[in-house]
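Engineer: Chain by chain, the residues:
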Amino acid sequence: MKMEDMPLSGPDNTKLEALVNDIYSELVEDACLGLCFEVHRAVKQGYFFLDETDQESMKEFEIVDQPGVDIFGQVYNQWKNKECECPNCKRLIAASRFAPHLEKCLGMGRNSSRIANRRLASNNNTSKSESDQEDNDDLNDNDWSYGAEKRGDQNSPRRSKTLKHKNGKWVRNLHPYNYNAGINYEMLGPDEVRSFLTTQCGVISEHTKKMCTRSQRCPQHTDEQRMAVRVFLLGPSAPVLPEADSVAGPESFDIPDGQALMSRLQWEDSPEISPSDSASSKASEETSGSPFPIKLRTDKEPISVSLTGTNHSDSRRPKKKKRPPLGLNSGGGIGSLSGGGGSGGSQTNISLSTKKKKPKLTAPSISSIYDDLN
Amino acid sequence: MVFINEKMNKESRLKATINQRLTELGERERLKELLRAKLTECGWKDQMKAHCKEVIREKGLEHVTVEDLVVEITPKGRALVPDSVKKELLQRIRAFLAQHAA
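Chains A and B are the protein sequences, given in the same order.
Heads up: the first sequence at position 125 corresponds to 125 in the numbering used here, and the numbers run straight through without jumps.
Heads up: the second sequence at position 16 corresponds to 16 in the numbering used here, and the numbers run straight through without jumps.
If you are wondering where the hints come from, they were derived from the structure by calculation, not from laboratory data.
Just so it is clear, CB atoms sit at the ideal spot from N, CA and C, and this is done for glycine as well.
There could be a bad hint or two in this list.
The following label-pair restraints were derived from C-beta to C-beta distances [as the list claims (entries may be wrong)]: (1) A:53 / B:23: 39 to 47 Å; (2) B:87 / A:91: 16 to 24 Å; (3) A:29 / B:8: 33 to 41 Å; (4) A:65 / B:80: 15 to 23 Å; (5) A:47 / B:71: 19 to 27 Å; (6) B:25 / A:59: 44 to 52 Å; (7) A:50 / B:8: 28 to 36 Å; (8) B:58 / A:45: 16 to 24 Å; (9) B:88 / A:85: 18 to 26 Å; (10) A:78 / B:59: 45 to 53 Å.
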């Protein structure tokens with residue numbers, strides 16, 4: 001807006017303008033005077049030249065006014081475009097993302113094992129949810145599944161079911177997430193496996209090839225089993241387990257099946273244990289109070305019997321899995337079984353020796369359940 | 001002559017009134033602060049200070065007086081005020097006048 005564009009009458013306009021200019025001049029002069037007094041005082045008090053030093057330093061810290069740099073002359077975000085090659089996966093990663101990538105890549109960060117587990121769980125879940133419905137039914141019949149809480153697959157079609165009809169009776173499925181309670185060891189990298197095994201049981205189920213995701217003291221598996229798994233997966237120099245001996249020997253059942261091979265890897269890894277078990281000794285837990293029968297198979301397949309008598313979905317996918325060639329582990333498993341349970345755990349004969357006061361299941365009953373299943 | 005004087009009286013009366021209003025209503029202070037802030041923002045103050053340093057070096061640190069500075073600084077200061085600042089201030093003054101004088 002120009003000074004002349006004033007909506008005022010002619011003569012008054014100029015006078016008004018003159019007045020405005022006068023006022024303006026006064027203000028400017030006031031500002032100048034203020035500056036003069038300020039400077040004069042600074043000179044007389046001796047602090048006017050305080051911001052100056054020797055010429056050399058002045059040159060060094062001069063204000064920089066170039067494009068692309070800040071006033072100190074530093075380039076902003078110069079590491080942004082740099083890329084580093086990851087020593088593990090040989091990929092080129094941006095510099096600012098390098099550290100988190102390494103964490104995941106090496107499997108050594110705080111969350112890397114958790115994320116890996118979750119990823120594998122969801123992979124397995126989605127790949128298997130369409131498959132054998134009946135098998136999954138067996139899984140879902142199991143109430144006690146602590147481990148499954150970790151892997152709640154929110155999108156699974158089975159999520160909302162609480163009642164299922166199975167074998168002519170309604171079975172309550174209290175924990176809808178208890179399928180897919182294991183990790184496939186083949187899908188984990190070596191570092192992930194190592195980190196996984198340091199915190200979790202890891203005993204591999206024979207027919208699902210999944211590793212038990214319960215804690216190191218999971219009652220379904222013995223320490224020998226765990227050690228054997230570690231030896232198998234990590235080589236002979238596998239780290240020693242936190243506790244060398246199992247708290248309580250595992251139970252073993254009389255299985256009227258000739259093929260009852262108590263290989264460690266055959267242990268079902270789905271964590272189905274009654275809540276009351278956690279307090280008491282795990283191994284000898286027979287799922288006291290478990291309303292579900294034990295599912296034991298008499299298939300040709302190797303038996304996966306839950307020693308603790310829980311409702312292990314031992315019969316999980318009985319038709320699909322073959323016995324993996326894990327002789328070492330089998331031996332170890334059996335040995336551990338025998339040692340722990342105090343029973344003569346032979347390959348074919350497993351005697352029942354429960355340490356619990358309430359032996360819910362006896363051999364005859366087991367066989368009857370067998371028949372039921374078959 | 002009388003007529004001119006009257007006119008001039010009128011003008012000076014007007015001016016006096018305006019000035020009085022400016023001060024009374026606090027507008028003068030506000031305008032002063034606004035100007036100072038704007039001048040510092042646009043770097044005018046630093047420029048003037050640099051000029052002061054030259055003057056002081058010229059005259060000698062011990063002997064410089066207020067008068068010296070005023071004489072050197074004021075004309076240059078008036079000239080160096082940026083146009084944008086000048087325009088804004090004029091606008092505000094005019095607005096004030098339009099509101100309180102006309």
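Engineer: Does each hint fit the structure? Answer for all of them.
Structural biologist: Comparing the hints with the structure gives:
no.: 1; hint: A:53 / B:23: 39 to 47 Å; in the structure: 44 Å, holds
no.: 2; hint: B:87 / A:91: 16 to 24 Å; in the structure: 58 Å, violated
no.: 3; hint: A:29 / B:8: 33 to 41 Å; in the structure: 23 Å, violated
no.: 4; hint: A:65 / B:80: 15 to 23 Å; in the structure: 20 Å, holds
no.: 5; hint: A:47 / B:71: 19 to 27 Å; in the structure: 23 Å, holds
no.: 6; hint: B:25 / A:59: 44 to 52 Å; in the structure: 51 Å, holds
no.: 7; hint: A:50 / B:8: 28 to 36 Å; in the structure: 51 Å, violated
no.: 8; hint: B:58 / A:45: 16 to 24 Å; in the structure: 20 Å, holds
no.: 9; hint: B:88 / A:85: 18 to 26 Å; in the structure: 57 Å, violated
no.: 10; hint: A:78 / B:59: 45 to 53 Å; in the structure: 47 Å, holds
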